[in-house]
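Asks: Sequence:
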Amino acid sequence: MRYHQKFFLITTFCLCSFACLAQNQKPKLIVGLVIDQMRWDFLYRYSAHYSNNGFKRLLKDGFSAENTLIPYTPTSTAPGHAAIYSGSPPAISGIPGNEWFDKATGKESYCTGDDKVEPVGSNNAKAGKMSPANLWVTTVTDELRLSNNFKSKVIGIALKDRGAILPAGHTANAAYWYDNGIWISSSYYMQNLPGWVNDFNAKDLPGQAMRSDWKTLLPAEKYDQSSADDEPYENNIKGEKSVVFPHKLSSIKAKDKYEAFRTTPFANSFTFEFAKAAIENEALGQDARPDFLSISLSPTDYIGHSFGPNSVEIEDTYLRLDQDIAGFLNYLDKQIGLGHYTLFLTADHGVAHIPRYLSEHKVLSENAVQAPPSDFAKNLNAAVAQKFLITNAVSKVVNYQVYLDTQAISQNGTDVNAIKQFLLDELRGRDEILYALELDKIPQASVPALLKDMLINGYTPKRSGDIQFIYKPGYLGNNAQKGTSHGLWYPYDAHIPCIFYGWGIRPGSTHRETAITDIAPTLSALLKIQMPNGSVGKVVTEAIK
Numbered sequence: 003m004r005y006h007q008k009f010f011l012i013t014t015f016c017l018c019s020f021a022c023l024a025q026n027q028k029p030k031l032i033v034g035l036v037i038d039q040m041r042w043d044f045l046y047r048y049s050a051h052y053s054n055n056g057f058k059r060l061l062k063d064g065f066s067a068e069n070t071l072i073p074y075t076p077t078s079t080a081p082g083h084a085a086i087y088s089g090s091p092p093a094i095s096g097i098p099g100n101e102w103f104d105k106a107t108g109k110e111s112y113c114t115g116d117d118k119v120e121p122v123g124s125n126n127a128k129a130g131k132m133s134p135a136n137l138w139v140t141t142v143t144d145e146l147r148l149s150n151n152f153k154s155k156v157i158g159i160a161l162k163d164r165g166a167i168l169p170a171g172h173t174a175n176a177a178y179w180y181d182n183g184i185w186i187s188s189s190y191y192m193q194n195l196p197g198w199v200n201d202f203n204a205k206d207l208p209g210q211a212m213r214s215d216w217k218t219l220l221p222a223e224k225y226d227q228s229s230a231d232d233e234p235y236e237n238n239i240k241g242e243k244s245v246v247f248p249h250k251l252s253s254i255k256a257k258d259k260y261e262a263f264r265t266t267p268f269a270n271s272f273t274f275e276f277a278k279a280a281i282e283n284e285a286l287g288q289d290a291r292p293d294f295l296s297i298s299l300s301p302t303d304y305i306g307h308s309f310g311p312n313s314v315e316i317e318d319t320y321l322r323l324d325q326d327i328a329g330f331l332n333y334l335d336k337q338i339g340l341g342h343y344t345l346f347l348t349a350d351h352g353v354a355h356i357p358r359y360l361s362e363h364k365v366l367s368e369n370a371v372q373a374p375p376s377d378f379a380k381n382l383n384a385a386v387a388q389k390f391l392i393t394n395a396v397s398k399v400v401n402y403q404v405y406l407d408t409q410a411i412s413q414n415g416t417d418v419n420a421i422k423q424f425l426l427d428e429l430r431g432r433d434e435i436l437y438a439l440e441l442d443k444i445p446q447a448s449v450p451a452l453l454k455d456m457l458i459n460g461y462t463p464k465r466s467g468d469i470q471f472i473y474k475p476g477y478l479g480n481n482a483q484k485g486t487s488h489g490l491w492y493p494y495d496a497h498i499p500c501i502f503y504g505w506g507i508r509p510g511s512t513h514r515e516t517a518i519t520d521i522a523p524t525l526s527a528l529l530k531i532q533m534p535n536g537s538v539g540k541v542v543t544e545a546i547k
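Here our numbering runs 2 ahead of the position in the sequence shown, where the first position is 1.
Hints listed in this document are in silico derivations from the structure and should not be mistaken for laboratory results.
In this text, all values refer to a predicted model and were calculated from it rather than measured experimentally.
Don't take every hint at face value.
Said to hold, decoys possible - Each computed DSSO-like pair below joins lysine-lysine, with the alpha-carbon atoms no more than 27 Å apart:
no., residue 1, residue 2
1, Lys-443, Lys-454
2, Lys-443, Lys-464
3, Lys-255, Lys-58
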């Protein structure tokens, strides 16, 4: 009798377990965590001071694709966020940069700019007239909504509008971004901010944070992975005159404090707090259908641009971010349930060393600093005018591309091809430039095959320029006297972290080459939904249980 009772109990337990597994075929919540400008090596560079509950927890219990690369150029924020969530390079997504020059209108276009919508929660038209209208493809968030007749909820959050809007896709319930101390949206999503967002904004957390100064989390001598705190090639936070700790945030004037807040690690904490409020007030992850929350952390980019990847500021930012991630994972464990959510962590691009830092350490020559793009276009126009007697033949230089006013050139009776060849010769003659080529003739260009593929993946005929130029490794083209940037094809810009964690994920790692465009199809496979309609990525099969 005792044997039969045991057999009955074991059988009942197994059947119940299988029934529970059958019901839990998808996670309750998917969280996308994009850390703007995070280089892959930051996972390990500061690990001696990371806790066991942030980055290390994700690496230990999640799956890390250690050799994830961006397969296109230029490498910047908007193309990166679009690629992560759509699986598409710019050639297909239609997002070749944060901005581009529209030859049809003769004006600059912004990646998420949309004059057909109105700001919600703000009177700032420049900040609020935003939507995903320029994105040509669907995202994994769109496909999730489409898969169950729009019953899943999708919300995008980031300080940067493009970091919130592009991941959330076309069908999102909401996207929120930052403007002058508050979270705002646009009429694309809603007519009024929800009450909970107004309540959150009323707390004025940025104003509270700016009443205190930014001091190092650890004693100064612990920051042995960074260069000296006071470097002449670092940029100051807006409203500050010094570039050293402690940063006197409390002394920044009221007119600058909300903008300066972006360039502090406390804006990461602020973003996570808003994400928690969204989870609770929108009841994300509380029913049988999975919801999706996309979070992009913009402060790491602002701080990185100003101080560079070897600064005490960026080291301190990542130590604090590790704590924020640990706290957020602990929150998800309690609010959604351990094992009931899937989270992935990645970046939209990396970042270059400050050229003057490399020059200081004999990696680059002392003259490795170029003029910013505005002067670049002006100088190219001056050279063309002297040779061909035509003014403003160059409309714009952006994304390391030269846009020509072909209509004006033709009306002047000048041969467009002659001007193109003249500019190619001018660019190739510059010591800092490695290659210059016509974008509509990439297959014929004498450049390495890898670079050729990346250029093809980044080229959008309707939105890209006429001529592409590529700097030598380590060189920059904008504001290189102080601070740094990104956008090129080199590993420091293109090698990013990629970690999958939680429900449905097999712990482990791979060093085989994967791509930023593999993230969306991997999530689609995990969720058993159609991959985005422009996806070219492949499933990271090793990551899925």
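Asks: Please go over all the hints and tell whether each is borne out by the structure.
Replies: Hint check:
1. Restraint check for Lys-443 and Lys-454: the C-alpha separation of about 10 Å stays at or below 27 Å, so the hint holds.
2. With a C-alpha separation of about 15 Å, the suggested pairing of Lys-443 with Lys-464 holds against the 27 Å cut-off.
3. Pair hint Lys-255 plus Lys-58 does not hold up; C-alpha atoms about 38 Å apart against a cutoff of 27 Å.
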